[in-house]
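Undergrad: Each chain, written out:
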Amino acid sequence: MSKLELRHVCLDYPVYDSQSRSLRRSITQRLPVGGRIRREKGRRTSILALDDVSLSFDQGDRVALFGHNGAGKTSLLKVLAGFYEPTAGSMVREGRVSALLNLMSGMDVNLNGYENILLCGMLYGLSRKEALARTDDIAEFSELGDYLSMPVRLLSSGMILRLAFSICTSIDCDILLLDEWVGAGDQAFIEKTKIRLSELVFRSSILIFATHSPLVAKQLCNKAIYLEHGCVSLVGDIDEVIDRYQTPVA
Amino acid sequence: MNNRNQLALAVEDFKRGFKDKGVWLALGWNDVQGRYNRSKLGVFWASLSILIFVCSLGPIYSRLFNVSSPDYVLYLMLGLIVWNYMHGIILESGREYVNSVNYIVSFQLSYFTLLLRVVWRNLVVLGYQMLVFLGLSILLGKTWYLSWIIIPVSLLIITVNALWMGVLVSVMATRFRDLGELLNNIFRLVFFVTPIMWMPEIRSDLEIVAQLNPFYHLIEIYRGALLSGSIEMTSWIISLLLAFAGWVVAFPVFAVFRSRIAFWI
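Residue numbers (my numbering), protein chains in the order written: chain A, 38 to 287; chain B, 1442 to 1706.
Derived from the structure by calculation, the hints contain no laboratory data. Just to be clear, a hint being listed does not mean it is correct.
Stated by the list, open to error - Cβ-to-Cβ under 10 Å is the rule here; a few derived chain A residues that face chain B: (1) D49; (2) Y50; (3) E122; (4) M141; (5) I275.
For each residue, glycine too, the CB sits at the ideal point set by N, CA and C.
Excised from the complex, chain A in its bound form (with noise of 0.2 Å):
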């Protein structure tokens, strides 16, 4: 059984490389992007990234995070990855939880195809065997063939993230966390991925997927939450949201 919750859940960058008078609070409270920027006396600078999100996912969720740049999105599924701990409240995670922020990393240039296959494989937490034994599959649907026998650097930087997007999206996981994809490789292989994160998303319990896009929201999701300066402004149906805050579609 798939769980996710947060409660009371902030997240304070600490700022350790700015200038203090660069940034004046008065400019900084209005903008339009970004989260609350925290400058008080005796304390060091922070970034409010989160502010006090409460949030429950169950089985069956595929929640879109919508929101303005530096909303907050990526620094809530970085939370939800267990990469930063909040800074205040909790989180209750049940589940094998597969974060798919950064498609290329994990990639050793240097190695060929399929020794990444089994490097990736292991680092999404496959056993040796486990890796080795979806090697074939992942090498079909990238559709490499012989390129996978050399070194990755020598590949285009399309064909690295085919190879990239079919090894991340053949490891199963509960709680599947998205950021923002643009499709991998040419117009042929966008419509294969179309169908393999599909997959991927409908075999996982929970999605979170962060996104600017209602139409691919609309795809993939069921429930929708908007983020504002680090606080959820917004949740509910997906369709609700959307009409609430819609957006200029890209």
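Guided by the hints, dock chain B onto chain A, whose structure is given.
TA: Leaving out everything else, chain B in the frame of chain A:
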């Protein structure tokens, strides 16, 4: 968050490190391979470079210290190998989290997994360098001792010691970026103060300098057993006590600051 919780999370971090054996074995191995990528000799360069260094310096310095060349060459070589191993673990730990930020955020790797990767890649290099030692000791007709069987234990104690220093440095140097550079300089000095290139037996006052240096004892439990077949109890006891005392300090520091490391990367 209370203290008990922090300790439990730190223990969990360590457990995950041991559990993710496949990950750090693969990453560490790739690090070593990547460093010598596309060179014909590959990792054997690590062996070769120490051989070149020791064989060119050995004959000169042995005359300086008035000892036999073959003995000095082996002495210098073992000292260097162990020193490089400890030095590598301690200083590379300081950069590991920053270099591996992608792994931590995307794969939820525990911090300890990354430190074990550092240990493993240094251990691989040590292994390749020990091949040279074996080759040379056969070539120079060195006597083999029964005490060689204790070497894995020596190595374990050295590793446990280097690792607590690595844990401490990894936390502090990630927060205070100047610390890594500072340690680089300090360790260069410590190298010369430690009996690696010189022998403490040559003067009684130097003997004291050596005995006061914990790195001397750590090197000696390895080098002494291989070179003279002696098991120096003082060095063993000091090394064990150092490991114990070190972890008593390093582990709580790690536990307290562990959750903050992500913000410092």
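Undergrad: Taking the least C-beta to C-beta distance, is D49/A closer than 10 Å to chain B?
TA: D49/A check passes; min Cβ-Cβ to chain B is 9 Å, inside 10 Å.
Undergrad: Just to be careful: measuring from the Cβ of E122/A to every Cβ in chain B, is the smallest value less than 10 Å?
TA: Cβ of E122/A sits 4 Å from chain B, so the hint holds.
Undergrad: At a threshold of 10 Å, is the proposed contact between I275/A and chain B supported by beta-carbon distances?
TA: It is violated, given that the least Cβ distance between I275/A and chain B is near 27 Å, above 10 Å.
Undergrad: Could you check if M141/A really has its C-beta closer than 10 Å to a C-beta on chain B?
TA: 8 Å, holds
Undergrad: Grab the minimum C-beta distance from Y50/A to chain B and call the hint holds if it beats 10 Å, violated otherwise.
TA: Interface hint status for Y50/A: holds (6 Å vs cutoff 10 Å).
Going down the numbered hints, you'll see the structure goes against just number 5.
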